[in-house]
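**Student:** Sequence:
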Amino acid sequence: MSTKTPMALALEEAERAFARGEVPVGAVVVEAATGAVIAASGNRVEELRDPSAHAELLAIRAAAAARGAARLPDCDLHVTLEPCAMCAAAISFARLRRLYFGASDAKAGAVEHGPRFFAQPTCHHRPEVYGGIDAVRAAALLKRFFAARR
Numbered sequence: 695m696s697t698k699t700p701m702a703l704a705l706e707e708a709e710r711a712f713a714r715g716e717v718p719v720g721a722v723v724v725e726a727a728t729g730a731v732i733a734a735s736g737n738r739v740e741e742l743r744d745p746s747a748h749a750e751l752l753a754i755r756a757a758a759a760a761r762g763a764a765r766l767p768d769c770d771l772h773v774t775l776e777p778c779a780m781c782a783a784a785i786s787f788a789r790l791r792r793l794y795f796g797a798s799d800a801k802a803g804a805v806e807h808g809p810r811f812f813a814q815p816t817c818h819h820r821p822e823v824y825g826g827i828d829a830v831r832a833a834a835l836l837k838r839f840f841a842a843r844r
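Positions 695 to 844 (the numbering used here) are the ones given, in order, by the sequence shown.
Honestly, the hints are just simulated from the structure, not real lab data.
A portion of the hints provided could be inaccurate.
Have a look at the derived ranges for each label pair, beta carbon to beta carbon [unchecked claim]:
{"id": "1", "residue 1": "Lys698", "residue 2": "Ala760", "range": "16 to 26 angstroms"}
{"id": "2", "residue 1": "Thr728", "residue 2": "Arg843", "range": "31 to 41 angstroms"}
{"id": "3", "residue 1": "Arg831", "residue 2": "His807", "range": "13 to 23 angstroms"}
{"id": "4", "residue 1": "Arg844", "residue 2": "Ala763", "range": "17 to 27 angstroms"}
Glycine residues also receive a C-beta, built at the ideal position from the N, C-alpha and C atoms.
Please put together the full structure from these sequences, using the hints given.
**Tutor:** Encoded structure:
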């Protein structure tokens, strides 16, 4: 087991995404009881030419494949940026136990901002949510990425 926190590992995935020219978001799925990393990914939207290739979706898909199950109720997701509506829906459908995220996203976030997906009456599973984990580092990486593109 790694001595790094899951968010530190997610930030490493975000750094790798940055190096590939992707929006620097990283995600890690861990087994809640042991803290063992089941899957990790960074954004691959440009590389795969797939608008759904967000870090969260890729990590959830890999964790589900590794577990051989569509639902991950004994797992937690650590992601560097507040998930969008698409990713929030996937988190709900996967029945993840907890969501930990870094930087808030007032423009595209859907957990604390925008549609507040988990607060909707049509949402059938609501993970426990903890925001602001290593938010300064996550936000700085995003700012550096977008500043370089301007």
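**Student:** Now tell me, hint by hint, if it's right for this structure.
**Tutor:** Tested hints:
no.: 1; hint: Lys698 with Ala760: 16 to 26 angstroms; result: holds (19 angstroms)
no.: 2; hint: Thr728 with Arg843: 31 to 41 angstroms; result: holds (39 angstroms)
no.: 3; hint: Arg831 with His807: 13 to 23 angstroms; result: holds (20 angstroms)
no.: 4; hint: Arg844 with Ala763: 17 to 27 angstroms; result: violated (43 angstroms)
Of the numbered hints given earlier, the model fails hint 4 alone.
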